[in-house]
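With the hints as constraints, model all of the structure from the sequences given.
Residue numbers (my numbering), protein chains in the order written: chain Y, 1 to 121; chain R, 1001 to 1266; chain Z, 2001 to 2388.
Errors might be hidden in some of the hints.
Claimed, not checked - Listed next, the in silico DSSO-like pairs over lysine-lysine satisfying Cα-Cα at most 27 angstroms (straight line):
| hint | chain 1 | residue 1 | chain 2 | residue 2 |
| --- | --- | --- | --- | --- |
| 1 | R | Lys1049 | R | Lys1061 |
| 2 | Y | Lys103 | Z | Lys2004 |
| 3 | Y | Lys85 | R | Lys1141 |
| 4 | Z | Lys2153 | Z | Lys2080 |
| 5 | Y | Lys85 | R | Lys1049 |
| 6 | Z | Lys2035 | Z | Lys2153 |
| 7 | R | Lys1137 | R | Lys1127 |
| 8 | Y | Lys85 | R | Lys1137 |
| 9 | Z | Lys2080 | Y | Lys6 |
| 10 | Z | Lys2035 | R | Lys1137 |
| 11 | R | Lys1143 | Y | Lys85 |
| 12 | Z | Lys2035 | R | Lys1183 |
| 13 | Z | Lys2079 | Z | Lys2159 |
| 14 | R | Lys1247 | R | Lys1143 |
| 15 | Y | Lys97 | Z | Lys2035 |
| 16 | R | Lys1141 | R | Lys1059 |
| 17 | R | Lys1183 | Y | Lys85 |
Source of the hints: derived by calculation from the structure; they are not laboratory data.
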Amino acid sequence: MSDGWKIIAGLIIVIGLVTFPFYANFGKTVELPSTLEADPGEMHLGDIPLVNMRSEHMQLLNRWREEVVREDERYIMFDGDEYEKSLQNGCLSCHEKEDFCTKCHTFVGVRPYCWDCHIGM
Amino acid sequence: MSMDRRDFLKLAGASTLVGLGGLSVFDGFVKDGALASQAHTAPGASAGKRLAMVIDVSKFKSPDDYKRVSYACHSIHNVPSIDNLKHEIKWIWTDTYEHVFPGQADQYMAENIMRLPFPVLCNHCAKPPCVRVCPTKATFKRKSDGVVMMDYHRCIGCRFCMAACPFGARSFNWTDPRPYIRKLNTSFPTRTKGVVEKCNFCAERLSAGLQPACVEASNGALVFGDLHDPSSEVREILSSRYAIRRKPNLGTGPSIYYVIGGNEHA
Amino acid sequence: MLEKALTGNRGYWVWIFILLAIIGVGFINYLEQFKTGLGITGMSRDVSWGFYIAQFTFLVGVAASAVMLVIPYYLHNFKKFGKIIILGEFLAVSAVSMCILFIFVDLGQPTRILNVMLHPTPNSILFWDMIVLNGYLFLNIIIGWTTLGADRKGLPAPKWVKPLIYLSIPWAVSIHTVTAFLYAGLPGREFWLTAIMAARFLASAFAAGPALLILLCFIVRKYTRFDPGKEAIQAVGKIVAYAMIANVFFLGLEFFTAFYSQIPGHMHSFVYLYVGLGGHSELVFLMWISAIFSVVSLILLIFPKLRQNERTLSMACVTVFIALWIDKGFGLVIGGFVPNPLERVTGYFPTAPELLISLGVWAVGFLVLTVLYKVVVSVTQEATTLEH
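Structure follows, in structure tokens:
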């Protein structure tokens, strides 16, 4: 086992790298995104129940972009009103980007590149 | 090239017999008839609209008329103004006759025509080579009206379409375009670095029932309509005036027509 | 067998670290390109493909050339290629890896590369190019690795490799044909719109690839105890000679069509490349080097005395390689974009970051090649010591 030290050194390096996210974030406080306040009950946007929107909005947006760009189907009915299937002209015409998108994305540590093109203000 | 419809149908029939008819990749050769692409379209192939534009160059009176047209387009679509010509992005711009119609200029031509700026934009070809080469269908032709579209979400930035376009209609975002957009239109997206872009015939306005922005700003110099509708304004002009297209010999079937002369007998 | 690449003398490790350092420099530059965009290259709205795609095109040829060894050895039972053939197959592996990397670094949105598989588009030649390139890479890895493994044990290669070897022959032709189709099917690019494009590609490939292989054989023979065989090298030399003649002939055909027809669109690109057009003459110097080297190489290759002399043969190979590297790794791609579709001239020359990234890709290729050749050399030596 003359090479034993190499194996142990390798293991230490691997464990160090794998656990990097833990000690890099250790002791930091992160603001929790607000909880869902309203009870959306049975409300759906498209075929996604509103209660699941946090986990499924990406599928919705993915579908929207295909429908709008490729099928020219630009509007969706929601709660009796017609809305544009659009981040900037739909979602953000009522919601505030910081509250509606950024907080949660920061919390879960994702950086979607929607805003490279779409204008959120 | 002279070939009447009978000859064309014979050829089309013959090539179908050869057996290419069933293969979708070869549909283009048979349906539209590779040999007849310049002037004829197969009868019955005209399902849906085919949007087109006629540009009457004689109706542009001053440099401002041209500027207004391209400004209308570039401002609503967040097209950046990049000074470095190598990185330039443009959807509709102008060039002179010898560059817009290469090989057709002549030294004895009327000087006013030689110097006249011609607006150029994506031709929304009937058989767009850019669509043919795109490896992800990021650029595609809408079946409903023939508009050649870009899906910026899907573009991988390989720029094959730029090599394929015979009209130089496509621009690539060599860097982030945002810093070069003079005034942001917040109701339309910008593009990101690494994707190809071009004129979309104002798809977003068409679906709201509006005319393209350039047409609206052109004071009647640009006329827009459906080539498949015999009573449309574009068809009326094409049936009464002499109109030319860019590089029709390549068989891509451009949808942008140019009327050059200043009078009806041009 | 890969563990053979982990032991080596001082020179081996110095070479490996030099390559790693070059890769590092290339990678740092790539990160910059990834961050700011392809604007750091010399490409433009008019010359929208540049050095990357040109290098890719050239290297597809180098990769395809392995078939020039496979055909004589497996189809004509030319036993003298027995030792050199593995070098050809592993050269193909290294070249295809570089091809794939050059395409990758050329993408504006590299993170979306899998869209090509997510939205397969059979009418796009690039889709087919992806298939044939990856297929060829795997074929050569499998064939090379298996035959070498069998060699090591002193056994004949397993039967199931044979069909793969036969498949690799048309496949090699396909990678270069499909790559030529990237260019030859575009309306309005008259420089590329030529039916002999694929033939020209294959001719230049079968000259440049084997020329590089001969040089690699000389290097391997000098620094290791592995000898691919004098006769094998001479046979490859003949292949280079014929292919280079065909290549120059095809280029001549292009010149004839362009200049005898006098069609301006067909002449423009040649004029830009060889004398300059519209005040732009970036590539003229390089193109003339290519032309002169082509002639020199032909002289060295055609006369048997010169070809048989290994010193002049290596000079011939160097000139062939440089001539074709300029012709395909620069001129062919850039020339097609000048003038642009509106007959305006925009010049092109790669920038420093662009060249460093390219150098990095080449270093990756050479690293792959070094490792694979090291395995070959060690395994063969081990096999011969066992025999004695």
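Going through the hints against the structure:
no. : hint                   : in the structure
1   : R:Lys1049 to R:Lys1061 : violated, 32 angstroms
2   : Y:Lys103 to Z:Lys2004  : violated, 52 angstroms
3   : Y:Lys85 to R:Lys1141   : holds, 21 angstroms
4   : Z:Lys2153 to Z:Lys2080 : holds, 21 angstroms
5   : Y:Lys85 to R:Lys1049   : holds, 25 angstroms
6   : Z:Lys2035 to Z:Lys2153 : violated, 49 angstroms
7   : R:Lys1137 to R:Lys1127 : holds, 14 angstroms
8   : Y:Lys85 to R:Lys1137   : holds, 21 angstroms
9   : Z:Lys2080 to Y:Lys6    : violated, 44 angstroms
10  : Z:Lys2035 to R:Lys1137 : holds, 25 angstroms
11  : R:Lys1143 to Y:Lys85   : holds, 21 angstroms
12  : Z:Lys2035 to R:Lys1183 : holds, 24 angstroms
13  : Z:Lys2079 to Z:Lys2159 : holds, 18 angstroms
14  : R:Lys1247 to R:Lys1143 : holds, 23 angstroms
15  : Y:Lys97 to Z:Lys2035   : holds, 25 angstroms
16  : R:Lys1141 to R:Lys1059 : violated, 30 angstroms
17  : R:Lys1183 to Y:Lys85   : holds, 24 angstroms
The structure fails to meet hints 1, 2, 6, 9, 16 from the earlier list, while all remaining hints are met.
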